[in-house]
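Protein chains in written order, with the working numbering: chain V, 1 to 230; chain X, 1 to 474.
No lab work stands behind these hints, which were simulated from the structure alone.
As the structure is a computational prediction, the values presented were derived from the model and not from experiment.
A portion of the hints provided could be inaccurate.
Unchecked claim - One side of the interface only, derived from the structure: several residues of chain X facing chain V at Cβ under 7 Å: (1) G137; (2) P183; (3) E268; (4) V271.
In this text, a Cβ means the ideal position worked out from N, Cα and C, and glycines have one as well.
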Amino acid sequence: MSGSTKDAVLSRIRRANGARPNDEERQRAVEARLQGRPLGVVPARGQLPSAERVALFVVMAEAANATVAQIGSMAELPGEVARYLRERNLPATLKMGADRRLSEADFSATAIEVTQGASEGDDLNSLSHAEAGIAETGTLVLTSGPDNPTSLNFLPENHIVVIQADTIEGAMEAVFERLRERHGGTLPRTVNTITGPSRSADIEQTLLLGAHGPKALHIVVLDRTAAPMQ
Amino acid sequence: MQITSQTFKANTVKALADIDLQRALGNVEKGFIGKRQKAVDKLPEFDALRDNAVAIKTHTLKHLDLYIEAYIAKVEASGGKVHFAEDADHARRIFLDIAKKRGAKTVTKGKTMISEEIGLNDFLEENGMVPVETDLGEYIIQLRGEHPSHIIAPAVHINRDQVEADFRRVHVDLDPERDLTAPETLLAEARGILRQRYGEADIGVTGANFLIAETGTSVIVTNEGNGDLTQLLGKCHVVLASIEKMVPTLNDASQILRVLARSATGQEASVYTTFSTGPKREADPDGPEEYHVILLDNGRSNMLGTEFEEMLRCIRCGACMNHCPVYHAVGGHSYGWVYPGPMGAVLTPSLIGVDKAGNLPNASTFCGRCESVCPMRIPLPKMMRHWREKEFESHLQPKAARTGLGLWAYFAKRPKLYRLAVSFAMPALKLIAGPKRRFRSLPLAGGWTKWRDLPAPEGRTFMQAYTQSKGVSR
Ligand code: SF4
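With the hints as extra help, turn the sequences into a complete structure.
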């Protein structure tokens, strides 16, 4: 079965690489890399001090066709979501997961009809909470689970994502360090990094927004140090 | 799929005379070259990242057996399963096994070149299953019964009018009077139809841009979101990947991702880079119940330690074909198998044998642009030369090549083909020639420019001007 194929493939690789049985030097090199996880070249743009990261994140996210708003507390979120839906003439509905950070926001004062759970494909608007962000590319990082079901990232047409300003890292490498701390040696089933709404250029290389995933991505940056919105 | 690489030259004659194809091929230069350059210019560290990407892959290949073992341990720890496949036939049998156990009928698919390499779609149909391609480009060519002509833009050989005609032919349940003039309407129609298919799938198949040993993770890089819906909504996620997709750590993947997105589509980052580890967890409200990785060798381990080893660094970005004057003129199907352009000319003989693909390494003008844009610094022209030598040694080449005349002689004896090839390469030639407008080496005319400089074309070729003035259409 597959076991013997595995042995055959691996031994061909070993032979081609001139490896001896129990070649400790090669094993040490591999261990060292897996443990040490060298960073390599992190672009200067990905190493900004935290104060400048949010500004770069916003610029890069907008360059990737996302829209961005800023709020100073979770209490402002329902108002911001209501404004977004209203201005785009979208129905006042919202699907979201069980994330406790989002339950701080009280939608009962708005006309928005909120439902909870994964998406079955008939939701127009969804709300998620990002785990982290990447300033270098304006990227959101979301992880699967009951708090933020992955289907909310892809099935609805309009995806609204809350991100806390102090979770915006400079580069992807720092986000991975965060995930390692949080999840130990493994990762959740899915880690989605999302940069702008979905798109396709498959018809004559003409870029069209809104392919199979969301047509619009709205990012709400929660910055508790910022002045409240007017 | 039927291999037609042996008849590369005949394929190119057909391609050059295909008006629809020539219209569509104009989009390759327009769509890719400028965007890549802009993105590269915006990142001062681009070349340093390339060097590190090369170093990462070189290190990984030297220790590939050990990284594969570390990877397998992590996949299994997260509840997934890895299956080794020696060749295409073996990979298909493994897939069938998984499918039978699940009683699978519908199989949705994100874009995967390995699926093309193993001819999965035909095999699924033969075994009573329905494969559904979900990437827009792949969906279009599936409707047409074709194969991809480009590794990241599978339908780049098709123009908008052809897509509209195909949709009207196949989507017969929709209003025949509907307006499909805008490309947006075509996209919306495909989106609507595929939306219904994801959830029906017993198996969702994706490829992998990377496999990560540190965490046992597979990575897909996409813009449309179809790959994500495929692997999320199918009840079982099967990843098709070849052994050289391995990288040691998440950090290593991040390094290569930076050069991949820019080299492929000129983006700072692709819209979706998705890291998948095992099946869904107990508390997860969505995600697949099973996670399988079919790890394909198919000749790759035999490339290690040979003059073709460096080809295993390839990250399938497509930059080499986007910048290739031969590809621009003849398109991807002329290459006759799964992998077109310069990377295909090197890889195809390695994977299916020089006897079946011996003509491909001649599909080069040796202008060197592929190597200069390859993010993994793969010496493609040198490797094509290696294949030509091997082919020469084994006397597989057509007679003209053995007598030293080569491709130029072939073109020169066929004036119509030569005219077309030169006229399609014209804008590129002007660029290569630089401000002095003189060539030291002209693609397709090496035999001549070896001895003298040739003036660079100014706008139209003489033959174009001549036939146009006479009202003769090409
Ligand atoms: S050979 Fe280089 S340029 Fe061509 S697809 Fe591979 S990595 Fe990209």
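For each hint, the structure was consulted:
1. G137: Hint holds; X:G137 Cβ to chain V Cβ min 4 Å, cut 7 Å.
2. P183: For X:P183, the interface hint holds, since the closest Cβ of chain V sits about 5 Å away, which is under 7 Å.
3. E268: 5 Å, holds
4. V271: At about 5 Å, which falls below the 7 Å cut-off, the nearest Cβ of chain V leaves the hint on X:V271 intact, so it holds.
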